[in-house]
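Using the hints provided, position chain B relative to the given structure of chain A.
As a plain string of letters, each chain reads:
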Amino acid sequence: MRKKKSDPICILVLFLPAVLAVAPLVFLATGSFMDTQEIRDYIGPVLSGSEGFAVWRLFPVWPTLVNVVELFLDSPEFFQMFWNSMKITAGILAGQLVFGMPAAWGLARYEFPGKKAVWFSYIVLMMMPFQVTMLSEYLVLDKLGLSDTLLAVILPGMFLTFPPFLMYRFFCGIPSSLIEAARVDGAGELMVFIRIGIPVGSSGIISALVLQFLECQSMVEQPLTFLKTKRLWPLSLYLPEVDLSRSGFALCASFVALIPALFAFLYGQDYLEQGIVASAIKE
Amino acid sequence: MKKKFWFTGWCFVLPGFAGVLVFYLIPFLDVVRRSFYNAVGKQFCGISNYRTVFSNEAFWLAAGNTAKFLAVCLPLLLALSFAAALLLQRAGRLASLLKSACLVPLAVPAASVVLIWKLVFDYHGMLNGVLNGIGLNAGRDWMNTEAAFGVLVFSYIWKNLGYDVVLWLAGLTSVPETIYEAARMDGAGAMACFFSITLPCIRPISFTIIVISLLNSFKVFREAWMVAGNYPQESIYLLQHLFNNWFRDLAVDKMSAGAVVLSAVILLLIGTLQKSWKV
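Each protein sequence line maps, in turn, to chains A and B.
Residues 2 to 284 (my numbering) are what the first sequence spells out, left to right.
Residues 53 to 331 (my numbering) are what the second sequence spells out, left to right.
One chain only, chain A, in its complex shape (with noise of 0.2 Å):
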């Protein structure tokens, strides 16, 4: 192996864009603990349109934890929306682990006929933009009579196929050897799968789940398009409607919005970028 040097040249240019990067959460950290007197002071000229640029501070001046009270006792209307997010990422994760989990298990490790036909499937839904299909999902929501429900976009959601095809990458990285062994031991195929395949290939669907967690926290199309009753909106539709005059709760909500997304990162993300390498190179 070759030693590990470093540059402080290339250390500095990177240092540009993980600055960037991180800026607008830190950005909205602080902005959750300033009160909106301050806050106006320093984006005023955005929100009067009045002379000068707006500017900001690393810290508050006066740290207050006002924003945070207002959000968290005085606003019913962020936590129905905050747990409809919950509802519908818990929903689209569960269905994966129900339905994507084994699929992926029996296209890794099973032959059977119509099986390229199948993976060809999913390898072409993979690749088609939420606009391709948002029609058709739309038509048969509307057959099942599920329109603007939480199941219009759960359901749906709950079959992508980009995390089972991850998995997949990682099932078939399971040793033969493995199986075989167990099948003499006298295991049938369900026993080899909850045995054998989900705890060897856990880090896989750990990724899968993390990668899943994160789109389900962003999602914004598909709410848009399959829910028209407010109250059943995720964040992500809500977050864009607070007004800009109410900047101080708008940066609390904001923040507070991405923790769980931020949790996830933080505790998976080793598994995030596994899941990422996954999603390129065959193992």
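Heads up, a few of these hints could be off.
To be verified - Calculated cross-link-like contacts (lysine to any residue; reagent style SDA-like; alpha-carbon spacing at most 25 Å):
1) B:Lys170 x A:Lys88
2) A:Lys231 x B:Lys327
3) A:Lys144 x B:Tyr283
4) B:Lys170 x A:Val27
5) A:Lys229 x A:Met87
6) B:Lys120 x B:Thr225
7) B:Lys170 x A:Phe121
8) B:Lys170 x A:Asp36
9) B:Lys330 x B:Arg255
10) A:Lys117 x B:Ile318
11) B:Lys327 x A:Val125
12) B:Lys170 x A:Leu238
13) A:Lys117 x B:Gly93
14) B:Lys330 x A:Ile124
15) A:Lys229 x B:Ala91
16) A:Lys144 x B:Ala70
17) B:Lys94 x A:Leu140
18) B:Lys327 x A:Asp36
19) A:Lys117 x B:Trp329
20) A:Lys117 x A:Met128
21) A:Lys144 x B:Asn297
22) B:Lys327 x A:Ile282
23) A:Lys229 x A:Gly96
24) A:Lys116 x B:Leu73
25) B:Lys170 x A:Ala24
26) B:Lys170 x A:Glu71
27) A:Lys116 x B:Ile318
28) A:Lys144 x B:Leu302
29) A:Lys231 x B:Ala234
30) A:Lys116 x B:Trp58
Calculated directly from the structure, the hints in this document are not laboratory data.
Same frame as chain A, but now just chain B:
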């Protein structure tokens, strides 16, 4: 060896595949059928829906903008992320920290950055403040002029840089170190190593990275829609906006023909890319 036991295979695949059939494949076939029928779906009308789409001014505006967006942002993202990956390889102990920082935007929901984009790119916003501060009096209204296109490109690169950097790094580290050692023994310099070893070795993965970046580019609609709404500045009116507006008008005829055209173009694009890449 995979077991030739097809009944079990189907048992695993069927529940998931049934959902895919019900929610995606069968309804899409129905949409293909509808694209040849009138809006109510009763009367066969040949290719007249396609004619309507192709004679629609908004369609050409949106298609042109989307093509232009891809032509600008894909090469830019690939180049920047590749450069960042090469630099990261030389960043030593700080590399993993810097890489994590670049990945953060992937976790930030689009809705959470909308507010910030509004504050940064406003006429009185921070970007103009900074430009003014360094003596460039280039104050402009980023969101309401042609410059909105630049904001969109920035937004896409901000979001996807980390993803692509991770992919390039995986590609770069998959090149066996022994090849480099052998080349250096033969007296090859850093440049020769880069052009004769690194580039050819990462060629296959670069195809996948292009495809993934292409697919992710459609999600830029989120930021665009949330910052600028259904009818943004003309230069960032994308196909996604068009489909969304057609949907609100319940223009089933245009939508079905449009969906067929869009899916065909994407498959064709990826197919051509694959051919020209010979992977």
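Results of checking the hints against the structure:
1. B:Lys170 x A:Lys88: violated, 29 Å
2. A:Lys231 x B:Lys327: Since the Cα atoms of A:Lys231 and B:Lys327 sit roughly 47 Å apart, the hinted pair is violated (cutoff 25 Å).
3. A:Lys144 x B:Tyr283: Outside the cut-off at roughly 30 Å; violated.
4. B:Lys170 x A:Val27: Since the Cα atoms of B:Lys170 and A:Val27 sit roughly 16 Å apart, the hinted pair holds (cutoff 25 Å).
5. A:Lys229 x A:Met87: holds, 18 Å
6. B:Lys120 x B:Thr225: Distance ~33 Å between B:Lys120 and B:Thr225 Cα, so the pair is violated.
7. B:Lys170 x A:Phe121: violated, 42 Å
8. B:Lys170 x A:Asp36: With Cα atoms ~19 Å apart, B:Lys170 and A:Asp36 stay inside 25 Å; holds.
9. B:Lys330 x B:Arg255: Roughly 10 Å separates the two Cα atoms, so the pair holds.
10. A:Lys117 x B:Ile318: It holds: about 21 Å lies between the C-alpha atoms, which stays within 25 Å.
11. B:Lys327 x A:Val125: holds, 17 Å
12. B:Lys170 x A:Leu238: Given that 25 Å is the threshold and the Cα spacing comes to 16 Å, the pair holds.
13. A:Lys117 x B:Gly93: violated, 33 Å
14. B:Lys330 x A:Ile124: holds, 19 Å
15. A:Lys229 x B:Ala91: Holds - the C-alpha atoms of B:Ala91 and A:Lys229 are around 22 Å apart, at most 25 Å.
16. A:Lys144 x B:Ala70: holds, 17 Å
17. B:Lys94 x A:Leu140: Answer holds: B:Lys94 to A:Leu140 is near 15 Å, not above 25 Å.
18. B:Lys327 x A:Asp36: Cα-Cα ~58 Å, so violated.
19. A:Lys117 x B:Trp329: OK: A:Lys117 and B:Trp329 at ~23 Å, within 25 Å.
20. A:Lys117 x A:Met128: holds, 17 Å
21. A:Lys144 x B:Asn297: holds, 22 Å
22. B:Lys327 x A:Ile282: Roughly 19 Å between the alpha carbons, so the hint for B:Lys327 and A:Ile282 holds.
23. A:Lys229 x A:Gly96: holds, 24 Å
24. A:Lys116 x B:Leu73: holds, 14 Å
25. B:Lys170 x A:Ala24: Given that 25 Å is the threshold and the Cα spacing comes to 15 Å, the pair holds.
26. B:Lys170 x A:Glu71: Within the cut-off at roughly 23 Å; holds.
27. A:Lys116 x B:Ile318: Status holds; Cα separation ~24 Å.
28. A:Lys144 x B:Leu302: holds, 15 Å
29. A:Lys231 x B:Ala234: violated, 64 Å
30. A:Lys116 x B:Trp58: holds, 9 Å
The structure shown violates the earlier hints numbered 1, 2, 3, 6, 7, 13, 18, 29.
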